[in-house]
Structure formats: C-alpha cells, structure tokens
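Visitor: Now for the letters of each chain:
Protein chains: 2
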Amino acid sequence: MNVLILGGGGFIGRKIAAALAASGILRGKAVTGLTLADLAEPAPLDAPFPVTCRAADITDRAQLDALVTSETQVIFHLAAVVSAHAEAEFDAGMQVNLFGTLNLLERCRALGTCPVVVFTSSLAVFGGDVPDPIEDWTIPNPQTSYGAQKAIGELLLNDYSRRGFADGRGFRLPTIAVRPGKPNRAASSFMSSIIREPLNGEPAVCPVDPEFEHYYLSPRRCVENLLKGAELDAAALGQQRCMIMPGQRLSIREMIDAMTEVAGPAPAKLIRWEKQPEIEAIVQGWRFDYRPRKALDLGLAADAGFAENVGFYLEDDLPAS
Amino acid sequence: MNVLILGGGGFIGRKIAAALAASGILRGKAVTGLTLADLAEPAPLDAPFPVTCRAADITDRAQLDALVTSETQVIFHLAAVVSAHAEAEFDAGMQVNLFGTLNLLERCRALGTCPVVVFTSSLAVFGGDVPDPIEDWTIPNPQTSYGAQKAIGELLLNDYSRRGFADGRGFRLPTIAVRPGKPNRAASSFMSSIIREPLNGEPAVCPVDPEFEHYYLSPRRCVENLLKGAELDAAALGQQRCMIMPGQRLSIREMIDAMTEVAGPAPAKLIRWEKQPEIEAIVQGWRFDYRPRKALDLGLAADAGFAENVGFYLEDDLPAS
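Top to bottom, those sequences are chains F and Z.
Be aware that the first sequence starts at 0, since it is given in numbering that gives the first Met the number 0, and climbs by one per residue.
Be aware that the second sequence starts at 0, since it is given in numbering that gives the first Met the number 0, and climbs by one per residue.
For reference, chain F alone in the conformation it holds in the complex (with noise of 0.2 Å):
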C-alpha cells in the first residue's frame, strides 16, 4: 500500500504517519511507501518502510503530479489554508483549499487509477440561520471563505467519486482539543491552551464563560477515525463522501473538571478568568448541536469523555521538560 499524506507536515499529519510507522498496514495490506509532503520539507520519520519528505505546493500542478503517480494508491489530504488565514488573504484559501484540492482531484482523474482520497473538512461548513441540532442532511451554510472551500471541496470530492475519477471519503473535523504545539491565533485557540498550558504547568487565559459549549474531538480519535476513514468500503458511503466526525459537546467547566479529575487540582489554578468580547463574538455563533450518525454507523468513534482527551495528552504529547 503506497501511501501519500498532503499536509504531512501538520500534526494530524504526523500522527497519521506513526501510526501507519508503528502498524504497517493499511486497507489489510502492508504499507510499502509513504510520501509526507508539506510546503516545509517534514522531518524524517522511522518507519519498517521508505518514507520519502517532500517540501511541496499543492497550488502547483506539476509539483502535485510529481507526488501523486500511478502507484499512489491512498491519499490523505490535510493540506489547508486555516481558517483566520482565508478570511484575511482570500486569494491564498482560494489557491490551497480549492485549487489545491482541484489539482489533486484532476490529477486522480488524469492517471485513472482511482485512488482513496481522505479528505479533511470542517464542521466550519456549517453556520448561519439554520435549524439545530445539525445532521448529516443539513446543509453547508458556511460563514467564513474556510468554510466555503472546504465545503466545495467536498462537493468537487463528491462528483470526482461518482464519476469514478477517485474513491473519495470526507470527514468534518470537530474542534481538536487537547491539541499539542503552542497558542495560535485562532479564535478556538483557547479551547486547548486553557487544558495544554496548565498541564504544561504553564499559566493560561480563558476568555469565554464556564458554561460556554462547543464540540471537541482528540487527536489520537481523530487520526483513529481518518484511518478508519481510508478503510471504509467505497459502497458503504453511499450517495453522499462527505460526514460529521463524530465529537462531544463540552462546556468549558466540563472540560476542566475532566482535567482535575485525571491530573489534581494544580493545573485547574493556573486558569485566569479574562472576558474577551471579541473572542466571545466569534465563538458564540459557532455551532455544538451535531448528529453525526453515519459516522457512527460506520464505526467512528468520539471520546468517551473529556478525561480521554486528558489523558490522551499526557501520554502522547505532553513535552518532554
């Protein structure tokens, strides 16, 4: 199984990549090559097969034909423009998350080799006036130009898989939390920090209400349920690629318990309380009502419990101090 992670250097990316290191297989059949490509050249990886890095621009087609050959037979496709970035450099979410993704879909369809394409989307997609909680069936109504990417391409990942151009499967990702790595400047950073810092034993700012709720997922289920994801059965997706991965609904009070539950009451007292209407602005019209049934049915899986995703962090990603 000869295998190609767009976005390999992200940190989905290279779990993605050690878990494949650490089983070998993929689809019931020995991994034989994986390709990490981002637009850093990723680190080297050890792994029981060839691991090739590669600095490359998806926006690029030439480049993108030069990683995806006749022999690439899964792709996971990671590789995005986040989502304050497409919002303030239109052009750039435009390149990378649809041009980007329509590169790789062309690219598919000119070899003719049909392979699986994972394909990252976000429950981004969804937003504005319509009715909770949402389902499989709600539409797309993104409010950010992320969201609208994403969400065409998985319309573009839809038709390229019934058109039998690629064996498309496409997942929403909830909010990943506890997400490893430093603060960013993304409206949702605090949804980690508030956790990652204090277990860190460092000082963190929450800036939203105790009872503020969201839906988060961690990244070890995250990276589990792409895998699962790539494994699935073509026909088992019906008429439609594209899914919710399933989450939790947590509030802020919810997840912090959680964290003392697993790891005392220290960590929970280096949270200072910081109102921040402008954060508060943004993350309150975002949505935690989600129905993420075909998922499930077909086997993936959320957290049980926000102590999970505790715990998840302290033994896969907790720095070394």
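Derived from the structure by calculation, the hints contain no laboratory data.
Computed from a predicted model, the values in this text were never measured in an experiment.
Take the hints with a grain of salt, since some may be wrong.
Note that identical chains are pooled: a pair holds if it fits in a single copy or bridges any two copies.
Claimed, not checked - With a Cα cut of at most 25 Å, we get these calculated SDA-like pairs of lysine to any residue: (1) K293 / E212; (2) K227 / G284; (3) K227 / G127; (4) K227 / D128; (5) K227 / V129.
Fit chain Z to the known structure of chain F by using the hints.
Guide: Same frame as chain F, but now just chain Z:
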C-alpha cells in the same frame, strides 16, 4: 439601471429582456441600457433603452471582463452547460458552470462595484439519500456533475456576497413547463412536450406513468421570480443567498387534465403512452417534495394550478401558425 444578461439568447434570458423592455424599470429605477450576451450573438430586441447584443464565452476571462464593466449594476447569470451535456462532457461543464461563474464573481470583485448578481441554480443540486420534504436547509447532494457545479456556484455566490464582492441571490429552478420551442435530449424533455406538442396540434409521447409526480414552474412565473429576485433587499436574504424557487408538485394526469380544462379534449388525444424504461429510470430518481419557504416569504410565487401554465403557453409562446 444598467443590466447584463449572460445566457441572453436562451428562452428565459429572452423573456427577462422582453419584460424589462415592457416595464423599463428594475429595482425602482429606469433601465438605461441592456446587454444580451450568449455564445451566439442574441437577436436584436426592440426596447425604449439601448440594447447591445454580444457573442461571448464566459470561460474566457477577457471576453467576460469586456461585458461586465463598472457601469453594470444588475447581472442575470443564466449561462450554463445543462445537465445531460455536463454529464457527457465533464470538462465543458466544469469550464462553464464552475469557472465561468467564478470568472464572473472574480470580475465583480476586481471592479469593487458590488453589482447585483442573479444566479439560476437548479433543483438538480438536491439528490441522493436525504429525507423528504426538501427544505431550504437540506444539503445539496447532487447526483450529476451539473448539480455539483451549480451547488459550487451557490457556495461561491454566498461567499463573494458575504465578503461584499457581489450582491448575489441564487434561485434553484424547478423544471420549467410548458417550455417553448422544440423537444431536446434532456430526460425531462417530455414534461413540456406532452403539453406543448398537443397544444400545437402535434403528437407527443409520454414515456412514464400518469401518476408520475414532479415539480414545475411556468416560464412566465420563473421570469417574474427572477425579476423579483433582482429587486429583493440584500438584508432580507440573510446568511444564505440561495433558495428553492417555488413550484407545483403535479402528476402527469393532473397536467393533462388541466390542459383539457383549458383547451378541450382534442390535445390529450394526441398523446401516445409508451413506457421508456431508460427515461423512467432517470426521472424516478428525481425529487418532487419541496418546501420553498424562504422564497415564498420573500414574495416569490408558484403558478396557481397547471391551468395557468397551459394558459401562459397559449398566450406567450404558441407558435403563430
């Protein structure tokens, strides 16, 4: 008010142009100029304002840029590669339906004048395994490339509007009946033929059962709705610029009964009933249970019974014999 109709040579474009020539008014202001553009140069039109007819291909950005200028205030974007064509020629559909629409929106963005863009989407955006009835917030889950390209057009229209690059409004057209002109190779062609040909004194074939149900709108109401759509206040559209255009759910039997009511018993005798399984297989997959709530709330309308559609055909489109 300076108006451009892309697809101005088609029967809907032509009827919009005729309506503007008759009223001389759009969005409460006098029409000061009208450009009709299509692949083949549209025929001249008598009007109380200057009318320019142009042959142009919207897939060519330079040709499009020449049509859409800083003077252009309202654009009706009806240009499309239709269903069967887009299915047979994938690239042609992508070029016109996706990139042509994108060219138009990019041109609007470059101009910075935020013109009104009225986009004809289609009920072909809906399909597959989604629950009935189909509401404005049901996921577009197209099962044709045409439907996928129209659904992508909707997402682009919404995002370019949200960002202030254009003032878009999109309408998912029902099957138009009674469509003037000749039968074509569309699977839906018989839905007009079985009424139009008998009213013209010619024979027609009905390839499905009299109980077959579908969702219809007359050309006259469609044009009224598109003009109304151009006049809507942007604020009334909210966070989703695209909606189902109202139609009527009718069985073939109800349509023929309405024809008999209006035109007497002779036309119905010109229909030959001859099952065509390949046509039936396609049209049985189409949906007919729609709830166009948003459009109705905004003042768009369906026909009041199919007798209206028949009457409109006789008044507006019956060939002079």
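Visitor: Each of the hints needs a verdict: does it hold here or not?
Guide: Now the hints, each set against the structure:
For the identical chains of this complex, K293 and E212 are intra-copy neighbours only, at 23 Å inside a copy versus 29 Å across copies, given an alpha-carbon limit of 25 Å. For a Cα distance limit of 25 Å, the shortest separation of K227 from G284 qualifies neither inside one copy, at 31 Å, nor across copies, at 31 Å. Taking the closest pair of Cα atoms, K227 and G127 come within 25 Å of each other only across two copies (24 Å); inside a single copy the shortest separation is 31 Å, beyond that limit. In this assembly of identical chains, the alpha carbons of K227 and D128 lie at most 25 Å apart only when taken from different copies (22 Å versus 32 Å within one copy).
In this assembly of identical chains, the alpha carbons of K227 and V129 lie at most 25 Å apart only when taken from different copies (24 Å versus 30 Å within one copy).
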